[in-house]
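J.: Now for the letters of each chain:
There are 2 protein chains.
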Amino acid sequence: MVTEEQNTPNSFSCLKNALDVIGGKWKLCVIVAVWQGNKRFRDIGKYVEGISPKVLSGELRHLEMNGLIERTVHTGRPVVVEYSITDYGRSLDSLITAFVKWGMTYRNNCDSS
Amino acid sequence: MVTEEQNTPNSFSCLKNALDVIGGKWKLCVIVAVWQGNKRFRDIGKYVEGISPKVLSGELRHLEMNGLIERTVHTGRPVVVEYSITDYGRSLDSLITAFVKWGMTYRNNCDSS
Chain A
1 MVTEEQNTPN SFSCLKNALD VIGGKWKLCV IVAVWQGNKR FRDIGKYVEG
51 ISPKVLSGEL RHLEMNGLIE RTVHTGRPVV VEYSITDYGR SLDSLITAFV
101 KWGMTYRNNC DSS
Chain B
1 MVTEEQNTPN SFSCLKNALD VIGGKWKLCV IVAVWQGNKR FRDIGKYVEG
51 ISPKVLSGEL RHLEMNGLIE RTVHTGRPVV VEYSITDYGR SLDSLITAFV
101 KWGMTYRNNC DSS
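Those sequence lines, one after another, are chains A and B. full-length UniProt numbering puts the first sequence at residues 1 to 113. full-length UniProt numbering puts the second sequence at residues 1 to 113.
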């Protein structure tokens with residue numbers, strides 16, 4: 001049973017808050033891509049297979065606005081834009097680990113059924 | 001840094017698997033609602049504020065198809081349809097806990113900025 005901790009209106013609204021910020025199909029994938037050192041838009045797009053450039057630029061802007069990634073503009077010639085994970089973005093480590101672990105149980109569950 | 005565990009193509013695809021099954025704005029909210037004992041469609045809809053009946057029925061069908069919730073039809077008069085969490089659905093406990101905890105840090109982060 002979801003423990004008492006999740007059984008309060010406050011915890012349910014915290015769940016919804018988190019889903020508003022990092023929910024959806026792509027946000028956690030983009031965060032992991034940046035976290036893995038993919039700095040450039042093109043590299044992030046390659047890492048997160050299937051994401052369109054338009055959706056990727058929206059997700060990057062949303063994640064930057066929420067302080068989870070940082071955007072740096074290098075003003076040389078040519079101008080280079082790079083993304084990096086922030087300390088706050090690193091606070092997602094245990095959540096991403098929980099997601100990966102559950103994804104593995106899901107896959108094992110599929111293989112055994 | 002996302003630990004080595006998340007740094008393999010396999011773990012990234014497990015993350016995407018998990019997101020395919022329980023990603024999106026509403027699925028985890030619906031799971032928590034059912035887990036909290038909301039059995040009827042109407043009650044689940046009330047618990048998960050803002051979800052439309054059409055979206056709720058799609059999410060319930062998706063979660064049932066993936067074995068995370070169970071749908072029971074009681075054939076009395078009137079017929080009653082009830083939903084309940086499955087053992088497999090309960091495997092989401094640590095992921096939901098991680099989400100709630102992160103949602104709390106997000107809220108504290110907002111309050112302090």
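Incorrect hints may have been included.
The following label-pair restraints were derived from C-beta to C-beta distances [claimed, not checked]: (1) 110/B to 76/A: 30 to 40 Å; (2) 49/A to 42/B: 33 to 43 Å; (3) 94/A to 86/B: 18 to 28 Å.
No wet-lab data here; the hints were simulated from the structure. Note that beta-carbon positions come from the ideal geometry of N, C-alpha and C, so glycine has one too.
J.: Each hint needs a verdict: does it hold in this structure or not?
T.: Taking the hints in turn, this is what the structure says about them:
Separation of residue 110/B from residue 76/A is about 36 Å and conforms to the stated range, judged on CB atoms against 30 to 40 Å. For the pair residue 49/A and residue 42/B, the supplied restraint of 33 to 43 Å holds, since their beta-carbon distance comes to about 40 Å. Between residue 94/A and residue 86/B the C-beta distance comes to about 25 Å, which sits within the given range of 18 to 28 Å.
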